[in-house]
Amino acid sequence: MRLYNTLTRRVEDLPPPPGPVRMYFCGPTVYQRAHIGNARPFVLGMWLRAWLRERGYDAILVHNITDVNDKIYEAAPSASAELAEKATAWYLEDTADLGLGLPELMPKATESIPQIVRFIEELIERDVAYAVDGDVYFRVASDPGYGRLSGQRPDQVEEQEPNPRKEDPRDFALWKAGKPGEDTWWDAPWGRGRPGWHIECSAMAEDAFGPVFEIHGGGLDLVFPHHENELAQSNALGHPFARIWTHNGMLSFAGEKMSKSLGNDVSIRNVLDTWGREVILLFFMTAHWRKPIDFDDDALAQAKAQVEGFRNVFRRESEKAGDWADFRRALDDDFNTPEALAVLHGWRDHDLLRRALGLFGLASLAEADVAPADVVELAEARRAARTDGDFARADRLRDEIAALGWDVRDTPGGFDLYRR
RNA sequence: GGCGCCUUGGCCGAGUGGUUAGGCACAGGUCUGCAAAACCUGGUACACCGGUUCGACUCCGGUAGGCGCCUCCA
Numbered sequence: 000m001r002l003y004n005t006l007t008r009r010v011e012d013l014p015p016p017p018g019p020v021r022m023y024f025c026g027p028t029v030y031q032r033a034h035i036g037n038a039r040p041f042v043l044g045m046w047l048r049a050w051l052r053e054r055g056y057d058a059i060l061v062h063n064i065t066d067v068n069d070k071i072y073e074a075a076p077s078a079s080a081e082l083a084e085k086a087t088a089w090y091l092e093d094t095a096d097l098g099l100g101l102p103e104l105m106p107k108a109t110e111s112i113p114q115i116v117r118f119i120e121e122l123i124e125r126d127v128a129y130a131v132d133g134d135v136y137f138r139v140a141s142d143p144g145y146g147r148l149s150g151q152r153p154d155q156v157e158e159q160e161p162n163p164r165k166e167d168p169r170d171f172a173l174w175k176a177g178k179p180g181e182d183t184w185w186d187a188p189w190g191r192g193r194p195g196w197h198i199e200c201s202a203m204a205e206d207a208f209g210p211v212f213e214i215h216g217g218g219l220d221l222v223f224p225h226h227e228n229e230l231a232q233s234n235a236l237g238h239p240f241a242r243i244w245t246h247n248g249m250l251s252f253a254g255e256k257m258s259k260s261l262g263n264d265v266s267i268r269n270v271l272d273t274w275g276r277e278v279i280l281l282f283f284m285t286a287h288w289r290k291p292i293d294f295d296d297d298a299l300a301q302a303k304a305q306v307e308g309f310r311n312v313f314r315r316e317s318e319k320a321g322d323w324a325d326f327r328r329a330l331d332d333d334f335n336t337p338e339a340l341a342v343l344h345g346w347r348d349h350d351l352l353r354r355a356l357g358l359f360g361l362a363s364l365a366e367a368d369v370a371p372a373d374v375v376e377l378a379e380a381r382r383a384a385r386t387d388g389d390f391a392r393a394d395r396l397r398d399e400i401a402a403l404g405w406d407v408r409d410t411p412g413g414f415d416l417y418r419r
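So the first sequence is numbered by numbering that gives the first Met the number 0: it starts at 0 and just counts up by one.
Since the hints were made in silico from the structure, they are not lab data.
A quick note: this is a predicted structure, and the numbers were derived from the prediction, not measured.
Do not take every clue at face value.
Here are the computed lysine-lysine pairs in the BS3-like style, where the Cα-Cα straight-line distance is at most 30 Å [as the list claims (entries may be wrong)]:
no., residue 1, residue 2
1, Lys290, Lys303
2, Lys107, Lys85
3, Lys107, Lys290
4, Lys85, Lys175
5, Lys70, Lys107
6, Lys70, Lys290
7, Lys165, Lys175
8, Lys85, Lys178
9, Lys178, Lys70
10, Lys175, Lys70
11, Lys165, Lys178
12, Lys107, Lys165
13, Lys107, Lys178
14, Lys175, Lys107
15, Lys303, Lys319
16, Lys85, Lys70
17, Lys165, Lys70
If you anchor each label on the Cβ, the simulated ranges turn out as follows [as the list claims (entries may be wrong)]:
no., residue 1, residue 2, range
18, Thr386, Leu101, 49 to 59 Å
19, Phe313, Val375, 12 to 22 Å
20, Ala402, Asp293, 26 to 36 Å
21, Ala304, Pro113, 43 to 53 Å
Each residue gets a CB set at the ideal place from its N, CA and C atoms; glycine is no exception.
Using the sequences and the hints, build the whole thing.
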């Protein structure tokens, strides 16, 4: 099994099974209903876990919830805790409805404050961090390796609005002193406030796994500064931290190609309600995980057509057609799901196909539809009409069946009914 | 300004120094009362300009266009 590692910019072999493979994938900041782009790292993490287990690995996934930061304060002045709690529940609900199960652990920043504070204390003891007026900053100059993950050169990083409390403009916050209007805070040795974003993830990942683990994932937009800073913090304590960094490509919602069916609401919830979980999962399979994907109606419609194609395979007799080795080869090579999907399109063996689709949360495509009694009654009436040669009536009945959301297909012996 | 990625047939999208990707859509056919499903057939693509090579979509250089990030966006 090989995966591309952002850190080395190469495809690398994983250690042989059983591993372990401990994976930490960055989760959302909870200030609104998560959008479909947030689903990509979640889905990728769950799929990878499933595939690694299939390959004999002991794979564990931790996926955090950032439930304290500026965005939440801004979105709900003086009520951020309530919003964070509500949005966390939404996220759990939405991701659960993708039908992939849940990670082993979904730690929340607000429940990891003691670990975060201890982490910061150690950084201060090592003199790689300093407290100023209730803030604490990481001293970037103390890390000669800073920039090796992202390739950013610290001297070229764009200047932000100057912050006189920083020794160096490149330094980043580990702890922020509480400001008026912020309704959540914790007391720490250097004052009342709340943690910075980057330290949360270092602390939560190490709290779950210890100072070294195999894979750290997240969106490509997190490489810099978020992940670069996580690496710097942990390395500063002598911790190796993540071995392999996986960064998924972004979804693009380009102008006129923007989904008409969803309007501006591209929340996971809305996409689930409009297109269904199977279409979303198939859609994510169509592109390699590192590449960007355009999110629009056309792409979703094509995914839906593929979903139907697989359903139809299960509606016919199973044939001995399919070789697991082809599928395995595709996924073992940097988890190439489009290649794997191409392999699956050639398969006609129900058991094999169900097993493969099941790894992607799509075993439901093998489930037979059971039509309600009234639809069956209409179909029986249509069969009688056809036997009588009354095709006009038969066609009318077919329209009625369609109006109820079902398709009727004639068979030598009678008919089959399928949900449209 | 800096770091990095991408450009494949109507659409989506893998991949390889010389061999059919696959899917979706479309057209014709077989089957069907008509359909649906299935199966068969059809379209030979790799932004542009140079270079390397016996041979490049695949390697190198350049041009154009698109995209991500540059201190809290997955």
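Tested hints:
1. Lys290 <-> Lys303: Holds, at roughly 21 Å.
2. Lys107 <-> Lys85: With a Cα-Cα distance of about 13 Å, the restraint between Lys107 and Lys85 holds, given a limit of 30 Å.
3. Lys107 <-> Lys290: Given pair Lys107, Lys290 holds - Cα atoms ~29 Å apart, limit 30 Å.
4. Lys85 <-> Lys175: 24 Å, holds
5. Lys70 <-> Lys107: 16 Å, holds
6. Lys70 <-> Lys290: OK: Lys70 and Lys290 at ~27 Å, within 30 Å.
7. Lys165 <-> Lys175: 12 Å, holds
8. Lys85 <-> Lys178: OK: Lys85 and Lys178 at ~23 Å, within 30 Å.
9. Lys178 <-> Lys70: Since the Cα atoms of Lys178 and Lys70 sit roughly 14 Å apart, the hinted pair holds (cutoff 30 Å).
10. Lys175 <-> Lys70: Holds: Lys175 and Lys70 sit about 14 Å apart, inside 30 Å.
11. Lys165 <-> Lys178: 17 Å, holds
12. Lys107 <-> Lys165: 28 Å, holds
13. Lys107 <-> Lys178: Cα-Cα ~22 Å, so holds.
14. Lys175 <-> Lys107: Between Lys175 and Lys107 the Cα gap is close to 18 Å, so the pair holds against 30 Å.
15. Lys303 <-> Lys319: Since the Cα atoms of Lys303 and Lys319 sit roughly 26 Å apart, the hinted pair holds (cutoff 30 Å).
16. Lys85 <-> Lys70: 15 Å, holds
17. Lys165 <-> Lys70: This hinted pair holds, its Cα atoms lying about 22 Å apart.
18. Thr386 <-> Leu101: 49 to 59 Å: 52 Å, holds
19. Phe313 <-> Val375: 12 to 22 Å: 20 Å, holds
20. Ala402 <-> Asp293: 26 to 36 Å: For Asp293 against Ala402, whose Cβ atoms are near 34 Å apart, the range 26 to 36 Å holds.
21. Ala304 <-> Pro113: 43 to 53 Å: At roughly 51 Å between Cβ atoms, Pro113 and Ala304 fall inside 43 to 53 Å, so the hint holds.
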